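> Residues per chain, in single letters:
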Amino acid sequence: MTDQQFAIDVADMTAVYHEQPVLWDVDLQVPAGVLMAIVGPNGAGKTTLIKCILGLIKPVAGQVLVQGKPYKDRRDRVAYVPQRGSVDWDFPTNVLDVVEMGRYGALGWWKRPGKRERDAAMHALEKVGMAEFAHRQISQLSGGQQQRVFLARALAQDADIYLMDEPFQGVDAVTERAIIDLLRELRAAGKTVVAVHHDLQTVPEYFDWVLLMNIRKIASGPVDEVFTEENLRLTYGGVVAFMQAPNGSTAAAVDTESVA
Amino acid sequence: MSDAQLDIQMIAVVTAAACAIPGTFLVLRRMAMMSDAISHSILLGIVIGFFIVESTTSPVLILFAAAVGLLTVMMVEWLQRTGLVREDAAIGIVFPLLFSIGVILISRFAGNVHLDLDAVLLGELAFASFDRFQVNGWDLGPKGLWVMGTILLLNVALVIVFFKELKLATFDPALAASLGFMPGLVHYGLMSMVSVTTVGAFDAVGSILVVALMIGPPAAAYLLTDDLRKMLVLSVAIGAISAVLGYWMAHWLDASIAGAMATMVGISFLTVLLFAPARGLVAQVLRHKRQKLDFAQTMLAIHVMNHEGTAEMRVENRVDGLDEHLHWDTQFTAQIVDLARRHGIVTESNGVLTVTDNGRQRAQAAMVR
Chain A
1359 MTDQQFAIDV
1369 ADMTAVYHEQ
1379 PVLWDVDLQV
1389 PAGVLMAIVG
1399 PNGAGKTTLI
1409 KCILGLIKPV
1419 AGQVLVQGKP
1429 YKDRRDRVAY
1439 VPQRGSVDWD
1449 FPTNVLDVVE
1459 MGRYGALGWW
1469 KRPGKRERDA
1479 AMHALEKVGM
1489 AEFAHRQISQ
1499 LSGGQQQRVF
1509 LARALAQDAD
1519 IYLMDEPFQG
1529 VDAVTERAII
1539 DLLRELRAAG
1549 KTVVAVHHDL
1559 QTVPEYFDWV
1569 LLMNIRKIAS
1579 GPVDEVFTEE
1589 NLRLTYGGVV
1599 AFMQAPNGST
1609 AAAVDTESVA
Chain B
-3 MSDAQLDIQM
7 IAVVTAAACA
17 IPGTFLVLRR
27 MAMMSDAISH
37 SILLGIVIGF
47 FIVESTTSPV
57 LILFAAAVGL
67 LTVMMVEWLQ
77 RTGLVREDAA
87 IGIVFPLLFS
97 IGVILISRFA
107 GNVHLDLDAV
117 LLGELAFASF
127 DRFQVNGWDL
137 GPKGLWVMGT
147 ILLLNVALVI
157 VFFKELKLAT
167 FDPALAASLG
177 FMPGLVHYGL
187 MSMVSVTTVG
197 AFDAVGSILV
207 VALMIGPPAA
217 AYLLTDDLRK
227 MLVLSVAIGA
237 ISAVLGYWMA
247 HWLDASIAGA
257 MATMVGISFL
267 TVLLFAPARG
277 LVAQVLRHKR
287 QKLDFAQTML
297 AIHVMNHEGT
307 AEMRVENRVD
317 GLDEHLHWDT
327 QFTAQIVDLA
337 RRHGIVTESN
347 GVLTVTDNGR
357 QRAQAAMVR
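Heads up: the protein sequence lines correspond to chains A and B, in order.
Take 1359 as the starting number for the first sequence in my numbering and just add one per residue.
Take -3 as the starting number for the second sequence in my numbering and just add one per residue.
Be aware that one or more of the hints could be misleading.
Which chain A residues face chain B? A few, computed with CB under 7 Å, are given here [as the list claims (entries may be wrong)]: (1) Phe1449; (2) Tyr1462; (3) Val1561.
List of simulated lysine-lysine pairs, DSSO-like, C-alpha gap at most 30 Å [said to hold, decoys possible]: (4) A:Lys1430 with A:Lys1469; (5) A:Lys1469 with A:Lys1485; (6) B:Lys226 with A:Lys1473; (7) A:Lys1469 with B:Lys226; (8) A:Lys1473 with A:Lys1416; (9) A:Lys1485 with A:Lys1430.
None of these hints come from the bench; they were simulated from the model.
Here the structure is a predicted model, which means the values were calculated and not measured.
Note that CB positions come from ideal geometry on N, CA and C, so glycine has one too.
Could you put together the complete structure from these sequences and hints?
Below is the structure:
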């Protein structure tokens, strides 16, 4: 197998944030076309991993290849959905304008967005069911709507790889369902989707690939192979309560409070 | 109006406009205090530049001052990154240090030249008209106007060319970085713009008014619009209007022009804060009041609807005593019943209220999620 076959290939990566090591020697291969969850307790380095892949944090050791190339040569193939709380929603702009930002990378420096970008943004908004909010001021959106706007912005990028930091954070069940349907659609179109996910119970239902981590990689691979009681215990430190889900697969709930 | 008066007002307007542009981005980035820091610490750059080129008018001074402005930003950010000092404290440590070194240098070595502290703090707009820009004996107008006019054009050009980059790096720096737009570069570009604008404006209006012009108009504009382009235009307009009004206030009071202009910026902001159509305090109070009345009418409709057709309907839905049932103030109850009747939400017969179809719809709409 050559490197080209992996959407993301992280090798021996150690990352430091504020002088604190947060990721130790992570090796991770994400095959193209999977829908992968990143799970782990708070402070496990999930966001840091995503930021390292995107080149936002420079690792102190190891390297990252995206489709076999350094990230900066593959920028246009990667879409990023940051945590909803990472931006100021009182910024003076509207929904359409935020979604249009997804096209800025393809535009490059200086060039102004025009009708093409606006059409792409509208199309992405339609996909997430937010078309009628196009001209809404972003401060008037609910949490779930904000999340969908961010998702639309990533869709507008029309990438091969989607990196999402907690796309389900603070959204209601209906929105969560709508988002997961969209992610599956992306996978069906051959895209690779990687999402930080917190609800262990829905991992087997939503995802086909999983990375379990806690400042180091515990395991990664197909959900039915690596999403095991043993690996969850290694990840969360033995406070995971298991239950048998109705469909027979093992589901797990974790008491995150006691982990923190 | 004399030529000198016109000159001063033109310089003031151009300066206000030039300051409002980078100021808009400072306000949106929550970096308003950085302009205070830069406006003080660049004194050190001016002094160092003065020692090197031995002139108070050389454009080299602007470069030195801008460099010290950037140094201020870097020092504040470095202190913050140590994790031992918070941003506001870092600002409070860095700029007085650089500023006071400048003060010491002036008092020790430049005591008898044209670099006095009053001028630094408050500028000398009143004399700006006497400092002319002359080429081969031709008078091309006051020098301050040329300096600030150039800076204004530069700022306008930069914002037009890099509008998309500035907006993206301000709203979502992480996305900007992942798309290759180098938000760090945009950040320092903006800080350079702030520094250069501040140095230019310094001479005309002094360091206190620079801060007022950079922060006040954008903060007011922020309350008036939801569109970044309009916010920029409104900031410029509010700054320019405050500058002209300030000039005439100073004229009328026979007081400091810089002081009067800064005061006018404050008054403009307060006016907007109070009377802004959607977000102003007055609009908020009115809206809350209306919402309270609206909400009470809905409650009344729900109450009447819930008890209609029940045994206790004649008691619960009777106008007399409704205040006791709802535990409302008697006068307020009367007002709400009156409003609800006039809005066709309830009707009254024999002292008992019944809900109308209209009111029923309203009640039902309110009770679904």
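> Going straight from one Cα to the other, do lysine 1485 of chain A and lysine 1430 of chain A come out at no more than 30 Å?
holds (28 Å)
> Within a Cα-Cα threshold of 30 Å, do lysine 1430 of chain A and lysine 1469 of chain A meet the stated pairing?
holds (20 Å)
> Can we keep the phenylalanine 1449 of chain A interface hint, with Cβ of chain B closer than 7 Å?
This interface hint holds because 5 Å falls under the 7 Å limit.
> Hint check: lysine 1473 of chain A vs lysine 1416 of chain A, CA-CA at most 30 Å. Holds or violated?
With Cα atoms ~36 Å apart, lysine 1473 of chain A and lysine 1416 of chain A exceed 30 Å; violated.
> Would you check the hint for lysine 226 of chain B and lysine 1473 of chain A, treating anything up to 30 Å between C-alpha atoms as holding?
Distance ~20 Å between lysine 226 of chain B and lysine 1473 of chain A Cα, so the pair holds.
> Let's test the interface hint: is any C-beta of chain B closer than 7 Å to that of valine 1561 of chain A?
With a closest approach of 25 Å, the valine 1561 of chain A hint is violated.
> Given the hinted pair lysine 1469 of chain A and lysine 226 of chain B, is their Cα-Cα distance within 30 Å?
holds (20 Å)
> Double-check tyrosine 1462 of chain A for me: the hint is only fine if its C-beta lies closer than 7 Å to a C-beta in chain B.
holds (6 Å)
> Lysine 1469 of chain A and lysine 1485 of chain A: Cα distance at most 30 Å?
holds (26 Å)
When the structure is compared with the earlier hints, violations turn up for hints 3 and 8 and for no others.
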